[in-house]
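Residue numbers (my numbering), protein chains in the order written: chain A, 54 to 379; chain V, 38 to 281.
Be a bit skeptical, because a hint or two may be false.
Some chain V residues judged to face chain A by a derived CB distance under 10 Å, without partners named [said to hold, decoys possible]:
id	residue
1	Leu-47
2	His-54
3	Pro-120
4	Pro-123
5	Asp-141
6	Phe-202
7	Gly-203
8	Tyr-236
9	Arg-240
10	Thr-242
11	Thr-265
If you are wondering where the hints come from, they were derived from the structure by calculation, not from laboratory data.
Virtual Cβ for every residue (Gly too), placed ideally from N, Cα, C.
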Amino acid sequence: MHPAFSVVFLTTLIGAAQGLFLALFTGQIFTTFKLMPEQNDPNFYIIGSALSLLLLGAGLFASFFHLGHPERAWRSIAKWRTSWLSREVIALPAMMAGVTAYGAAHYFDLTYPLFETPGGTGIDATLILGFITTALTYTLFVCTGMIYACIKFLQEWHSPLTVINFTLLGTASGFTLATVLSAWLDTELANFYATWAITFTVLAFLFRLASVVRNQKITPKSDLRSAIGVRHPKVVQITQGFLGGSFNTREYFHGTTEIVVRNVKYIAFILVFLIPIILLVVSLQTTGVIIPLIAILVQYMGLIAERWFFFADANHPQNLYYQNMA
Amino acid sequence: MTQLALVIDLNVCVGCHACVTSCKEWNTSGEAGPMTDKMPYGKDPTGTFFNRVQTFEVGTYPNVETVHFPKSCLHCEEPPCVPVCPTGASYKRKEDGIVLVDYDKCIGCKYCSWACPYGARELDEKQRVMKKCTLCVDRIYDESLPETERKPACVMSCPTSARLFGDVHDPDSEVSLAIRNLNGYQLMPEWGTNPSNHYLPRRKTEIRIHKDELKRVDNPLSKEQRKTHKAPGTGPSLDDMTTW
Chain A
54 MHPAFSVVFL TTLIGAAQGL FLALFTGQIF TTFKLMPEQN DPNFYIIGSA LSLLLLGAGL
114 FASFFHLGHP ERAWRSIAKW RTSWLSREVI ALPAMMAGVT AYGAAHYFDL TYPLFETPGG
174 TGIDATLILG FITTALTYTL FVCTGMIYAC IKFLQEWHSP LTVINFTLLG TASGFTLATV
234 LSAWLDTELA NFYATWAITF TVLAFLFRLA SVVRNQKITP KSDLRSAIGV RHPKVVQITQ
294 GFLGGSFNTR EYFHGTTEIV VRNVKYIAFI LVFLIPIILL VVSLQTTGVI IPLIAILVQY
354 MGLIAERWFF FADANHPQNL YYQNMA
Chain V
38 MTQLALVIDL NVCVGCHACV TSCKEWNTSG EAGPMTDKMP YGKDPTGTFF NRVQTFEVGT
98 YPNVETVHFP KSCLHCEEPP CVPVCPTGAS YKRKEDGIVL VDYDKCIGCK YCSWACPYGA
158 RELDEKQRVM KKCTLCVDRI YDESLPETER KPACVMSCPT SARLFGDVHD PDSEVSLAIR
218 NLNGYQLMPE WGTNPSNHYL PRRKTEIRIH KDELKRVDNP LSKEQRKTHK APGTGPSLDD
278 MTTW
């Protein structure tokens, strides 16, 4: 498939935003249930929510460049019963609303306990909003992943690994971003987030590697014999029926050589997993914002490469009909 | 339930592209707007087409066969392009089974084209909406046309009658008879899309001649060559096997 940068930016930006929100709320949960020393810097949640909202907005903005008619985008909420794309179009603004409410609750200091758990922990409005937004975040991850995973013709995508990888890669980049944020705000949570960021990056590496291995072993379900219905082991296209290009010759081919695709894959693995893990481990030993900042910048560059490779790697069966110009 | 469709006979298609040009001519002139071409006479021409004729070579020289293969939307009975559309612009008509795009609702997200294994959909670069074969829905119901002309433009133009048009759910229609009697088949049946358009395979007319038909073994004349009653003939005769 042809990698469209609008979709590459959409999926990577909202992935990081979702991961960042999960990181914020994980921190709050750990603090609330006294699993780590309390830290009461509401600025961390407010700025974090704002940053998450900004990234979600940037992703939404990028997505409009994918559309032929952005002014009709509102129509795409219509078919949520059947279309994962429609579901994503609903889930994304819903999560933006959730993050806004969560950030606003911290801003207006709605931390008065509404009720108490049997253990005596006070549950306030920020916690309730956080739980709701967490559900919305995972809904969005599933919707985004399923847009690709539900197309059975694209065998490289048609796997639960697609949803898992979108979720894990987004979470990993979000926790790395939270590391930067807490190092910058000096909240003493930097090591906590760095540890989680390393964990999620390693997990994401394992599952992304699994999908790369899986995709290398795929046997295409369709071949030229079933495409034109002639039972003979040797069928060759003489002409696709026209000289020059068409939508079919552009949209479904990555438009570069296999060597480039393979190199992008290697670059993606180095930038998304190897370098950030090393930098995050180093950041555990040091203080300061520079090392985590480099880690997230490198990881995000890598994620762009990873998502580009994700598209370029998928082989559409319609390509069988467009093998030879003349 | 009606399911209109095309049946394309690969045995008689000569690859003349008349269906391609007549389709483009009819559909680019309709009220749905032009099927845009960019740089049609330039170095790298590109444009929107609903129908293409491709050519394939089957076998190895000298035992090769050229197959001309017209390809357009197959109007699947289980169209995978319809449920993925977020706006409902892509739909399948209940009354006649034609899969259509509402150009006023389409947002041009291209998701339906990803979900079509045949590559039957093309995004029009000027109108920025997804386009595809409509089975000339603006022709086939036009009562101002003589009844014999209420057919898709490609069917009208085919000089060898390689394209048949009709209701594949009516067991006695011309298309159903052709599918049944001439082994009509569907493309990429492995995906479960159940295309309505069918293709008729190449057919070879062969005379079967067995060796014993060229040289008769039961030659009755061999009896006549005998000089005496008991002399053996030069070859077997039916008279030796049977009694009258």
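Check each numbered hint from earlier against the structure, then list the numbers of those it violates in ascending order.
6, 7, 9, 10, 11
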